[in-house]
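> Letter by letter, the chains look like this.
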Amino acid sequence: MIARYAGRRLAQAVFVLWLAATLAFVAMQLTPGDPAQALLAASGATPEEVAERRAQLGLDDPPLVQYARYLLDLVQGDLGKSWLHGRAVGQMILEQLPPTAELAIAATAVGVLLGLALGVLAALRRGTWLDTVATMVAVLGLSTPTYWSGILAILLFSLRLGRLPATGEGDLRHLVLPALVLGFALSGSIARLVRARVVEVMGEPFVLAARARGLSSSRVILVHVLRSALAPALAVVALQFGFLLGGAVVTESVFARRGLGKLALEAITWRDLPVVRGVVVLGALAYVLVNLAADLAQAWLDPRLREGVS
Amino acid sequence: MKRPLPFLALLSVLLIGCSASPSGARIVYGLTLAPSGIDPHVNASSELGIPLTSVYDTLVYQDPETGDFVPGLAERWEVSDDGLAYTFYLRRGVTFHDGTSFNAEAVRFNLARITSPDLASQKARFMLGPYERMEVVDEYTVRIHLSEPFAPFLDALSQVYLGMASPTAVEQWGDAYQLIQVGTGPFIFAEYVPGDHLLLRRNPDYAWGPPAYQHETAQLEEVEFRFFTDPATRSPALETGEADVMGEVPPQDSARLEGSADFRVEAVPIPGVSLMVFMNTARPPLDDIRVRQALLYGTDRQAIISTVFRDTSPVAYGPLAAVTFGYEPAVQETYPYDPVQAAALLDEAGWSDTDDDGIRDQDGESLALELYLMGWGYMPEVGQLLAAQWAELGVGVEARVVSYPEALEVAGEGRHHLIPFNLSGSDPDILRKFFHSQAGFNWARVDDAEMDAWLETAAGASERSKRAGLYSQVQLRVMDQALVIPIRDYVNLNGVSNRVQGLRFDAQGWFPWLIDVTLETR
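Chains as they are written, first to last, in my numbering: chain R, 2 to 311; chain V, 521 to 1042.
Any given hint might turn out to be false.
Said to hold, decoys possible - Now the stretches of chain V that chain R is said to cover, found in silico as 3 or more residues with beta-carbon under 8 Å:
no., stretch
1, 605-617
2, 659-668
3, 796-805
4, 928-941
5, 1004-1017
Stated by the list, open to error - Some, not all, of what chain R presents toward chain V, calculated at C-beta under 7 Å:
no., residue
6, A4
7, R5
8, R9
9, Q38
10, L40
11, A43
12, G45
13, E49
14, H86
15, G91
16, P99
17, A102
18, P146
19, R272
It is worth saying that the hints were derived from the structure and are not from the lab. Predicted model, so just to flag it, every value in this text is computed and none were measured. For every residue, glycine included, the Cβ atom is placed at its ideal position computed from N, Cα and C.
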């Protein structure tokens, strides 16, 4: 049963990867500019030499042939070489992965903590002004694009208060603002789910029973309520992983950080197709894996979900 | 190589005196891009040359003061009368950082690597121009054959892109050689963590530098390169001591650094093609020379230099930067700022504001020009000022910021009216890339058989005076035909800590000769 379910999910994963790779290919086809020309124009290459390079890169072939080659390389696990840098794409991605992972992890931590705090607070003080404020903050986080909140954060913390570096990277202080900005955006959806879950749990018989046994209110919240609220928070993190990757691209750009986002932007600007393909496919792969793991875990925990899916 | 004798070392310390660096001296050098690919044979960025000029030696060097070519890894050379064969007599006793000996076979290996289609060279291959083949005459003599005379050949050979790499290391490391880089230069490539830092360490055995170097071996023990891609972070990094030298400081920070007791700004003019706006002579209304001349007269270049570049760049009057060999000073007289003359020319060309909307028109068409701008090199800021200045003449501008590949496509197809660009290079043959009718950057869409002939003759002529004469004619013709609006000569503003002395740059203006840099103790 589980094997069949896992097999189906794997097939879905392959489909998502194919779709992501294909969309990236089509988008690059539609972007103006000739990569061979961009690489060689300033070097004094003759038009014939540029044409030669274009043929060498396979850009003369019909789009369908290029597309087939693009997919075939991918299936064989060959990410190819960057046209701009002449280096292996896999290697380049590995080099840029740590700063992006660092940001994603720090932002997730901020998002979960902030989301839990806002959600629990709103639920426990349901109907009061605290609930309204917490919900408003959550909606603000949900609806503010990171390029906007990022600039606001730089204005406030770096320029006004002068406490934190605005851009660049290095020590942990450089990570604070980008992680706060991205984490804030993530916290919105977590807070809303947590609030709903806590409200629900508070009325459950086991919470009432715990209270009836004379446990202190803080103990009830810590042990029973928070534990059951954590599950939806983690589910949101898995669901929002794609958002996190996309947000990281924007956040890296706003805070002049190195990482996969920077790499992708440069590759798109130079029409460096192998790098674009590499970043997109690995991003999609990470997304698929995170969600697959989350779904399989949930299915294993809760047989009802398994039935529902199949 | 033997270590220098102790008394020689002592002597050199005495000779250099107080400027001698403390042992273990190191500086941090700020770069403006974090290029991933840094192999000079493969990649094309200027940033890679900043560290790697000290890692690789070239066959010849160009003296930045005199412009003469001086011996490097080649002790001397001969050029055949027809200009087709260059014979280089190589220096003996030179070893690569990995111990491999430098000889004719190493030169053959390097040229074969650069010209191999598999390497997909982005710059080095094309700098060789009409390269045909090379022969190993004996262990220390090579002869390079060209298919046609090519005057910029020595200039090309003097640049890091055609530096000599260790054949052993290249073969051993394959694709991974990108992060290894083994040459014969005064510094050894010690470590590169892409995007983070690049470290050079002094080569103690170095003894074959060109006469233009002032020291026998490097005075610094280590040079660490770090990347400051965001212009706003560059001056602060210098001021907080994170870096000792910083390239491309923004003009608005320059005065503050100059005013400090601890820093200075070394403004290095870069030879090549000035920042200039190409006017598409094939697209109405710019097919009318009077309209093009009106734009030239109607442009207050000094105002742009003051506002955007804070007077750190010289005004450009012609297509070549003033520090380039062959520069013709007479271009300075061509188009003074004269809005009255500009308006008169537009009137004469039949453009007047009949519908009173502030923009001139003719037969119901308004005088609106499409200006394409690339997002770097202060081009958007320059474009904004141009639009404001021309608005006063009654000329409308629709500006669009595009990526470099898109700019190449738009301008290549002639869909633009105006597009600014600049390119560095020490040989005036660079003009051929822009003003020859078949050139890739012929963004003015000029088709002048006489100018084509001048450019071709100059590219093959060996006498400097003859070349200078031909390039002078080209520059005057470009301005006479009003093909471009020159704006500024490019200047690299290097912010330098006053602890750092002896910073010099090669003839290209971009690449520091780190061997001569010393560090003063406080």
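> Which hints, by number, does the structure contradict?
Numbers 1, 2, 3, 5, 6, 7, 8, 13, 15, 16, 17, 18, in rising order.
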